[in-house]
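> Taken in order, these protein sequences are the chains called A and B. Residues in the first sequence are numbered from 1 upward in steps of one, following our numbering. Residues in the second sequence are numbered from 1 upward in steps of one, following our numbering.
Any given hint could be a false lead.
Chain B regions said to be covered by chain A (calculated; three or more residues, Cβ under 8 angstroms) [what the hints assert, rightly or not]:
| no. | segment |
| --- | --- |
| 1 | 22-34 |
| 2 | 57-71 |
| 3 | 102-110 |
Just so you know, these hints were derived from the structure itself, not from any lab. Beta carbons are placed, not taken as given, at the ideal position from N, Cα and C, and that holds for glycine.
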Amino acid sequence: MALDAASMGIWEWTFKSNEVVWSDKVFKIFHLSPHEFDGTFDAYNSLIHPDDHQRVIQTINESIETGKKYFVQHRILVHGVVYWIEAVGEMITGRSKKPIKMMGTVQDITELKRLDLEREDWKIRYELLAASSGQVIYDYTLETGNILWSGIIREVLGYETSELGDIKTWGELIHPEDREHAYAELEKAEKSISAYDVIYRFRKKTGDYVYMHDKGFFLANVRNQPYRMLGSMQDISDRIKAEQEIWRGSQFRKSIEATMPGVLFVYDVKNKRNIYSNGRLPLGYSHEEINALGTAFIPTVVHPDDLAKFPVWSNENFETVYHLEYRMRHRNGNWLWFTARTKPFEKDKDGNVTQIIGIATDITEQRNTVESLRESEKRFRNLVQDLSVGVIIYSPTGELRLCNKSALELLGRSEEQLTGDPKTITPLAVVNEDGSDFPIDKLPVPLVIRTQKPVRGVVFGISHPQKVDRAWLLVNAHPIFNDRQELIEIICTIIDISERRRIEIELKESELRFRTLQRASFGGIGLHDHGVIVDCNQGLCDITGYPMNELVGKNGVDLIAPEYQSQVITHIKSGYSLPYDVEGIRKDGTRYFLEIHGKEIPYHGRTIRVTEFRDISSRKVAEEKIVEQNTRLLAITEDFKRKNEQLEEFAQIVSHNLRSPVGNILTLLNFFESAETSEEKSEYLALLKEAGTTTLNTLSDLTEILRIKQDRNIEKQTLEFKIIFNHARAMLNAKIVETGAEVTANFEEAPTLHYPGIYLESIFLNLLSNALKYVRTGVRPVIQFKTYLYNNQLILEASDNGLGINLERYGHQVFKLRKTFHRHPESRGIGLFMIKNQIEAMGGEISLTSKENIGTTFFVNFNKYLHDNHEKSNHSLN
Amino acid sequence: MLTLISIFMTIMKNPIIALIDDDKVFQLTASRTIKASQLSDQILQFDNGEEALHFLRDNAANAANLPDYIFLDINMPFVDGWMFLDDYDHLKTNLTKPILIYMVSSSIDPRDMERARKNSNVNEYIIKPVSRDKFIELLNKAA
Numbered sequence: 001m002a003l004d005a006a007s008m009g010i011w012e013w014t015f016k017s018n019e020v021v022w023s024d025k026v027f028k029i030f031h032l033s034p035h036e037f038d039g040t041f042d043a044y045n046s047l048i049h050p051d052d053h054q055r056v057i058q059t060i061n062e063s064i065e066t067g068k069k070y071f072v073q074h075r076i077l078v079h080g081v082v083y084w085i086e087a088v089g090e091m092i093t094g095r096s097k098k099p100i101k102m103m104g105t106v107q108d109i110t111e112l113k114r115l116d117l118e119r120e121d122w123k124i125r126y127e128l129l130a131a132s133s134g135q136v137i138y139d140y141t142l143e144t145g146n147i148l149w150s151g152i153i154r155e156v157l158g159y160e161t162s163e164l165g166d167i168k169t170w171g172e173l174i175h176p177e178d179r180e181h182a183y184a185e186l187e188k189a190e191k192s193i194s195a196y197d198v199i200y201r202f203r204k205k206t207g208d209y210v211y212m213h214d215k216g217f218f219l220a221n222v223r224n225q226p227y228r229m230l231g232s233m234q235d236i237s238d239r240i241k242a243e244q245e246i247w248r249g250s251q252f253r254k255s256i257e258a259t260m261p262g263v264l265f266v267y268d269v270k271n272k273r274n275i276y277s278n279g280r281l282p283l284g285y286s287h288e289e290i291n292a293l294g295t296a297f298i299p300t301v302v303h304p305d306d307l308a309k310f311p312v313w314s315n316e317n318f319e320t321v322y323h324l325e326y327r328m329r330h331r332n333g334n335w336l337w338f339t340a341r342t343k344p345f346e347k348d349k350d351g352n353v354t355q356i357i358g359i360a361t362d363i364t365e366q367r368n369t370v371e372s373l374r375e376s377e378k379r380f381r382n383l384v385q386d387l388s389v390g391v392i393i394y395s396p397t398g399e400l401r402l403c404n405k406s407a408l409e410l411l412g413r414s415e416e417q418l419t420g421d422p423k424t425i426t427p428l429a430v431v432n433e434d435g436s437d438f439p440i441d442k443l444p445v446p447l448v449i450r451t452q453k454p455v456r457g458v459v460f461g462i463s464h465p466q467k468v469d470r471a472w473l474l475v476n477a478h479p480i481f482n483d484r485q486e487l488i489e490i491i492c493t494i495i496d497i498s499e500r501r502r503i504e505i506e507l508k509e510s511e512l513r514f515r516t517l518q519r520a521s522f523g524g525i526g527l528h529d530h531g532v533i534v535d536c537n538q539g540l541c542d543i544t545g546y547p548m549n550e551l552v553g554k555n556g557v558d559l560i561a562p563e564y565q566s567q568v569i570t571h572i573k574s575g576y577s578l579p580y581d582v583e584g585i586r587k588d589g590t591r592y593f594l595e596i597h598g599k600e601i602p603y604h605g606r607t608i609r610v611t612e613f614r615d616i617s618s619r620k621v622a623e624e625k626i627v628e629q630n631t632r633l634l635a636i637t638e639d640f641k642r643k644n645e646q647l648e649e650f651a652q653i654v655s656h657n658l659r660s661p662v663g664n665i666l667t668l669l670n671f672f673e674s675a676e677t678s679e680e681k682s683e684y685l686a687l688l689k690e691a692g693t694t695t696l697n698t699l700s701d702l703t704e705i706l707r708i709k710q711d712r713n714i715e716k717q718t719l720e721f722k723i724i725f726n727h728a729r730a731m732l733n734a735k736i737v738e739t740g741a742e743v744t745a746n747f748e749e750a751p752t753l754h755y756p757g758i759y760l761e762s763i764f765l766n767l768l769s770n771a772l773k774y775v776r777t778g779v780r781p782v783i784q785f786k787t788y789l790y791n792n793q794l795i796l797e798a799s800d801n802g803l804g805i806n807l808e809r810y811g812h813q814v815f816k817l818r819k820t821f822h823r824h825p826e827s828r829g830i831g832l833f834m835i836k837n838q839i840e841a842m843g844g845e846i847s848l849t850s851k852e853n854i855g856t857t858f859f860v861n862f863n864k865y866l867h868d869n870h871e872k873s874n875h876s877l878n
Numbered sequence: 001m002l003t004l005i006s007i008f009m010t011i012m013k014n015p016i017i018a019l020i021d022d023d024k025v026f027q028l029t030a031s032r033t034i035k036a037s038q039l040s041d042q043i044l045q046f047d048n049g050e051e052a053l054h055f056l057r058d059n060a061a062n063a064a065n066l067p068d069y070i071f072l073d074i075n076m077p078f079v080d081g082w083m084f085l086d087d088y089d090h091l092k093t094n095l096t097k098p099i100l101i102y103m104v105s106s107s108i109d110p111r112d113m114e115r116a117r118k119n120s121n122v123n124e125y126i127i128k129p130v131s132r133d134k135f136i137e138l139l140n141k142a143a
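Input sequences plus hints: build the corresponding full structure.
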């Protein structure tokens with residue numbers, strides 16, 4: 001039944017009897033009725049399609065020989081109709097293991113086979129299609145990773161189908177840079193069961209990479225899970241390359257456009273307008289404006305004169321290049337110069353040029369430069385024409401190119417006379433300064449041509465046709481090179497120095513006269529250039545003690561005493577021209593007084609200084625004596641003035657201090673005489689006695705002062721301040737103890753003095769007693785004595801912290817006799833007056849500073865007048 | 001005018017006299033002479049200029065106490081005659097009474113005399129000793 005359902009027949013073939021037994025179904029399958037089949041193998045055999053016959057027999061034999069299962073599909077031809085059958089059989093063996101018979105099933109597979117064939121046919125058709133479009137077909141089974149490859153694998157990639165392998169091999173063959181992307185896209189497509197569409201580079205068998213465009217589709221099962229992928233890969237390398245080429249090409253064009261200095265344009269000849277321009281036309285118009293103007297643009301901007309010169313194109317070949325320069329007007333009205341090169345770009349079928357391509361460059365700047373250069377050259381030539389200096393410009397071969405008026409006048413030749421080969425025209429009779437012939441090869445221009453170096457300061461004389469004397473010329477010649485260091489011309493300047501020469505000769509003569517004169521002079525005369533003696537006369541030798549040959553070349557400043565040298569140098573530098581006095585030093589080192597009188601004169605073309613030396617020693621000695629005597633006189637006058645002051649003071653003392661008590665005595669005597677009572681008389685007598693005593697005291701004081709004043713030459717001895725001071729302090733010890741005064745003394749800086757002992761003791765006594773007298777109540781007296789040198793003068797300083805004196809009020813009275821400024825019982829007003837006289841008698845001075853309630857400081861300057869006045873006046877008297 | 005002066009002088013019959021001098025003998029003899037001559041019995045005595053200046057300052061507003069005459073010595077300790085005159089010059093505007101100043105000195109030094117003459121506050125320079133007649137002359141001069 002099952003076999004029936006499957007429309008299967010059963011057959012049996014016994015070899016020995018060659019008997020074939022079919023079931024009914026088999027007859028149906030074979031489309032035969034039972035009488036049309038005799039039950040023999042031959043009958044079956046005749047039914048097999050001739051094309052399959054051999055294969056069927058072979059299969060049968062294989063089964064008989066090997067005992068294997070028999071399986072064959074073949075066509076049968078029955079009544080002219082072909083059917084497909086599938087036969088499966090098994091060998092039945094006997095006891096001897098020999099095959100006895102074969103049994104099996106058979107079914108009609110015609111329909112099956114037809115479908116099969118149809119499928120195969122599609123496959124072939126697709127493959128043919130794929131091959132014709134250069135595609136590689138794949139069938140990828142996700143579960144195993146296997147890929148069935150087909151299509152023109154070999155042609156496209158060079159691989160055999162087997163070599164392409166599975167999904168792994170596929171991945172490995174993708175370019176490493178593209179691989180990741182290819183996988184990622186694959187995963188994405190698999191997940192979403194969508195189309196896979198990727199371009200990647202794929203390695204060919206040769207190792208080269210080709211661009212593959214991979215397009216695939218996933219197949220999903222009933223559970224919507226992808227299990228298979230079908231697709232194709234196409235080599236698109238050519239397309240990619242082409243694209244790249246295009247891209248590169250456009251990049252190239254863009255860079256050219258960007259970097260090009262000028263304007264690149266394509267011009268449509270027929271339509272008279274630019275169809276392309278890289279947009280760098282520097283005329284101030286926008287792209288839109290140019291478009292709007294259309295064909296009117298070119299005539300608008302191009303100068304009409306230049307437009308007329310534009311080339312007219314016809315059938316020129318592509319190699320034709322036209323070059324032109326033309327003006328275009330900027331929107332702001334300025335004309336700009338352009339240079340352009342144009343060539344045919346496109347031609348029509350008749351060979352006529354339809355479009356041209358060109359590059360235009362703005363050369364306005366360049367043209368302006370050239371223009372201004374031309375202008376300046378023109379100006380230069382005009383200038384040269386009018387120059388008073390002769391200028392001749394020669395070519396590198398020595399031909400005259402330009403010659404100004406001055407040059408012609410200086411040479412006394414016409415321009416025609418000068419043009420031509422310089423070698424043939426030298427009738428100038430050129431001579432040297434000494435009158436000898438000037439060597440032709442030393443002439444400046446030929447020399448420059450030969451050496452390529454400037455020649456300067458050549459002096460020669462020529463016979464001038466219009467002049468009696470020779471004309472003397474100073475010639476410079478300068479080579480001019482271009483930027484390739486090639487000589488392009490020689491500029492030759494000529495100056496007439498005839499006059500200068502004449503003056504020089506005259507100067508030489510005057511110098512000679514001067515030299516003669518200075519030789520005859522008594523004073524010393526030296527010519528020097530910034531101090532260095534160039535020439536001198538015998539007088540200078542006599543004064544300085546140097547022989548002439550030693551003086552010439554010597555620095556004249558060395559003839560001056562060092563302390564005056566800077567003054568002399570300053571005067572030389574400033575060109576000082578009045579006489580002044582310095583001290584000179586002779587060769588033997590002795591000094592002498594010197595009056596210098598310098599003046600600047602021209603000499604050998606330079607400015608140098610002529611200096612006269614005059615020995616003024618005798619005058620100077622006299623002068624100095626006068627100054628010395630004057631100083632002495634001043635000192636004496638000063639001394640007299642002081643003495644006079646002292647005398648006047650003395651007169652005052654007499655009138656005040658002596659007349660007063662004496663007058664009192666007289667008055668008292670009158671009162672005494674007219675006194676009526678004895679009490680009165682004794683009162684007047686007592687007063688008389690007192691007045692007498694006062695008078696006597698005053699007289700003795702005065703005597704003392706007088707003695708001091710007279711006793712100038714009182715014996716002096718070297719005294720130690722310390723000893724004298726200690727003596728004085730001992731005398732006043734009681735007072736020191738009484739006041740509790742702190743008395744200190746420091747004489748270390750100036751310990752000794754040459755002085756009369758009693759005077760110094762008097763000074764110490766008076767200053768110390770004074771300080772002890774005028775103390776402030778409640779303040780412990782501090783009294784300090786010290787000596788020191790100030791400006792080389794010996795000073796004794798005595799300071800106290802006592803009452804002080806208001807110097808503004810009482811300053812004029814301090815050292816006066818009988819002046820006291822304090823209501824003090826012991827004030828007698830003699831001490832300071834006394835020591836002032838003593839100090840002054842010894843050529844010193846006493847002064848003080850003081851402040852009330854702060855203290856007083858006395859300064860004794862022992863030798864203030866001792867050295868300058870006192871000593872000198874003594875000296876002058878001797 | 002004359003009438004006025006005589007009236008004024010009548011009031012001044014017994015003028016106040018200031019002696020400024022450190023000389024005790026002069027103080028004694030001068031005051032005795034003035035009193036004996038009945039020129040005045042109101043005599044102020046000052047040892048030096050400082051004391052006199054103090055007095056004048058203290059009594060500047062009190063005309064009755066101020067002297068009519070001052071006899072001023074030059075040579076004094078502390079504040080001498082010249083210094084007194086310097087200060088007096090500043091002081092006098094505050095004084096409620098005109099004062100005649102005689103400079104009295106034993107100095108015959110012409111410089112002292114010249115200096116006194118130039119000082120507008122000094123009426124006369126008198127050389128010591130001053131006689132009785134001189135006092136009478138000086139004190140009556142104004143009268």
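> Can you tell me if the segment 102-110 of chain B counts as covered by chain A, using C-beta to C-beta distances under 8 angstroms and a minimum of three residues?
holds (count 5)
> Can you take a look at whether the segment 57-71 of chain B is actually covered by chain A? Rule is 3+ residues, C-beta closer than 8 angstroms.
Since 0 is below three, the answer is violated.
> Given as covered by chain A, does the segment 22-34 of chain B meet the bar of three residues or more with CB within less than 8 angstroms?
As far as the segment 22-34 of chain B goes, the hint holds, because 7 residues have Cβ atoms under 8 angstroms from chain A.
Violated hints amount to a single one, hint 2; each of the other numbered hints is respected by the structure.
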